[in-house]
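There are 2 protein chains.
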Amino acid sequence: MSIPGGRSGRRRVADDGVVPPPPQRRATGRPPRISRADIVAAAHRIVDAEGVARLTMRRLAAEVGSTPMALYHHVRDRDELLVLLLEDYARRIPRPELPEQPRERIVAAALVLHDVLAERPWLVTALATDDLMGATALWIVEVMVDAAMAAGLSAERAVHAYRAIWYYTVGEITVRSAAGRQRASRDRPSYRDEVFASLDPAELPRLAALADRWTALTTVDTYAAGLRALVDGLLPGS
Amino acid sequence: MSIPGGRSGRRRVADDGVVPPPPQRRATGRPPRISRADIVAAAHRIVDAEGVARLTMRRLAAEVGSTPMALYHHVRDRDELLVLLLEDYARRIPRPELPEQPRERIVAAALVLHDVLAERPWLVTALATDDLMGATALWIVEVMVDAAMAAGLSAERAVHAYRAIWYYTVGEITVRSAAGRQRASRDRPSYRDEVFASLDPAELPRLAALADRWTALTTVDTYAAGLRALVDGLLPGS
DNA sequence: ACCTGAACACCGTTCAAGT
DNA sequence: ACCTGAACACCGTTCAAGT
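Each protein sequence line maps, in turn, to chains H and R. Heads up, the first sequence is in UniProt numbering, so the first residue is 1 and it goes up one at a time. Heads up, the second sequence is in UniProt numbering, so the first residue is 1 and it goes up one at a time.
These are calculated hints, taken from the structure and not from any lab test. Check before you lean on any hint, since a few could be wrong.
Said to hold, decoys possible - Partial selection, computed: residues in chain R whose CB lies under 7 Å from chain H:
| # | residue |
| --- | --- |
| 1 | I46 |
| 2 | E50 |
| 3 | H160 |
| 4 | A164 |
| 5 | Y167 |
| 6 | V170 |
| 7 | G171 |
| 8 | V175 |
| 9 | L204 |
| 10 | R206 |
| 11 | L207 |
| 12 | G226 |
| 13 | A229 |
| 14 | L234 |
What the hints assert, rightly or not - Listed below are several chain R residues computed to face chain H (Cβ distance under 7 Å; list not exhaustive):
| # | residue |
| --- | --- |
| 15 | A135 |
| 16 | T136 |
| 17 | D146 |
| 18 | Y168 |
| 19 | E172 |
| 20 | G233 |
Just so you know, even glycine gets a beta-carbon here, dropped at the ideal spot from N, CA and C.
Using the sequences and the hints given, assemble the complete structure.
Put into C-alpha cells, the structure is as follows:
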C-alpha cells in the first residue's frame, strides 16, 4: 500500500501554514527539482485560471515543468493534493472584526465562511468530509461554538448548532453553484423549466400558481435571511 | 451539436412516469433491440448493487447486453441518463399520511425527503441543480410551500422557507455521506483527527476542550433537531 | 533520493460504416 | 432506424529503470 521508498503518512502542516521540510537528513541523494510548495502553487494557478475539473495530475505536471510521476514523489495521491490546496486557501481567509453580541457574532462568522466558499464552490466538495476549512480556518468554528455557548447553549448543543449552520451553508453553496453551472450550459432548457411549464394546478396548486415566478424566487440570494432564521431557532429565545 | 440522425431534445416524461415512445412512426427501419426502459432498469441495478461511481456507459452497455454506442441512440449523454434514473427513484418515494398542523407537516415532509436521500446520497449531487426530486416528487415541495403559507407566510417567503430547508437537507446529506465515505477508507487516519489531536488550547480553547468528544458529537444524527430549529426560525412565532 | 518512460486499466464521446 | 468497431482524447496510478 505504501510507495516503495517513498515517505508515506501525512506530513504535519505547521500552524503558520508553511509546509515544513521532512525531518530526514537532506544531505544525501539527488537534490529535488520540485518541492511540495511548487506543486501547490502550480495547482493554485490552474484551479484559479481553469477550475478544479482541469486540475489533473498530467496538467499539473506540465504546469510544474515535470512529469506526472514526479508528483507522486511529493504527494501521496490526488486527494492529498486537494487537502494541501485546501490549507492554502484557508490561510487566505480574511479575519475581520466580529461583533461582540453572540447571535450577531455567529451570523458574521457564518457569512465569512459562506463568502469564501461561494467564490470557490469546489472547495465544498473537498471540504465536506472534514467539516472544517482546514486547520488554519478552525477559528471560524471556534467563534461559532464559543458564541453559541455564550448565548446559553451547553457544549454539546453548541457543537450541534455549529453543525446545523455548516449543513445549511454547504447546502446553499452546493445547490446554488450547481444551478449556476446549469445556467452556464445554455443548450439544454433545464429539466426544471420543462416540468414547471406543465404543472397540473389540480394536483400542485401552490406550485402551479408560482410557476412563472419560480426561477426568479429561487435565484434571489436568501442565504443571510435563512441563516438568521436558523440561528434564531437554535439559540435560546431572548 | 446534435447526434446525426439521432433524436435530440429531452422527451417529456408522462405523469405516471412511464417513458412514452417517441411520437414518430415506428413502422419503418430496423426494429430496436433495446429500449430506454431497459437502459434505465439496467442502470438502476448497477447503481443499487455497485454504486453510482460504477455506472459508466461501458459498464451499462455490458449490463444491457449491447455496446456503449447503442446507448447514445436512446439517451443523449450520461447526464440525461442520470435525470432519467432520478425520475425512476422519485417515483418510488412513499407518500405517507402527513400531520395537519402546518409546522409538523413541514417537518414530516422534510423528513420523508431526507430519508430517501440519506439512503442514496449520490442522488443529491444529481439533484442539486434542479432543486426537486424529479417531477414525480414535487408533491413534497407543494406540501412544504402550502404549509408554510398556512402558517402565515407570504408566497415569496414560503418559497424561501422551502429553499432554506432544502439547503439544510442537501448539506446534511452531503456532509454526512462524505464523512461516511471517509470512515470507510480506513487506511488514512483522517486529516481531521490529526488536526484535532494537536489543537492549541490558547488559540482555540473551546475546540481543544471538545477535541476528544468531537467525533462522537459530530456523528450523532441531529438532522431532525436542526430541522425543527430552522422551521421554528422560519415560521412566524406561535 | 529523486525523476523518467512506458504501460495498465480505465473514462465519455464521435465517426464512418454496416444491416 | 438502429447498432457496431475502431478511434480520439483523455484519466489516476504502478512498475522498473535510470542518475
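For each hint, the structure was consulted:
1. I46: It is violated, given that the least Cβ distance between I46 of chain R and chain H is near 22 Å, above 7 Å.
2. E50: 21 Å, violated
3. H160: Where the cut-off is 7 Å and the nearest Cβ of chain H is about 5 Å from H160 of chain R, the hint holds.
4. A164: 4 Å, holds
5. Y167: 4 Å, holds
6. V170: Holds, because the Cβ-Cβ distance from V170 of chain R to chain H comes to roughly 4 Å (cut-off 7 Å).
7. G171: 3 Å, holds
8. V175: 5 Å, holds
9. L204: For L204 of chain R, the interface hint holds, since the closest Cβ of chain H sits about 5 Å away, which is under 7 Å.
10. R206: Status holds, d = 5 Å.
11. L207: 5 Å, holds
12. G226: 4 Å, holds
13. A229: 3 Å, holds
14. L234: At 5 Å from the nearest chain H Cβ, L234 of chain R passes the 7 Å test, so the hint holds.
15. A135: 5 Å, holds
16. T136: For T136 of chain R, the interface hint is violated, since the closest Cβ of chain H sits about 10 Å away, which is over 7 Å.
17. D146: 5 Å, holds
18. Y168: 5 Å, holds
19. E172: Holds: closest Cβ of chain H sits about 4 Å from E172 of chain R, inside 7 Å.
20. G233: 3 Å, holds
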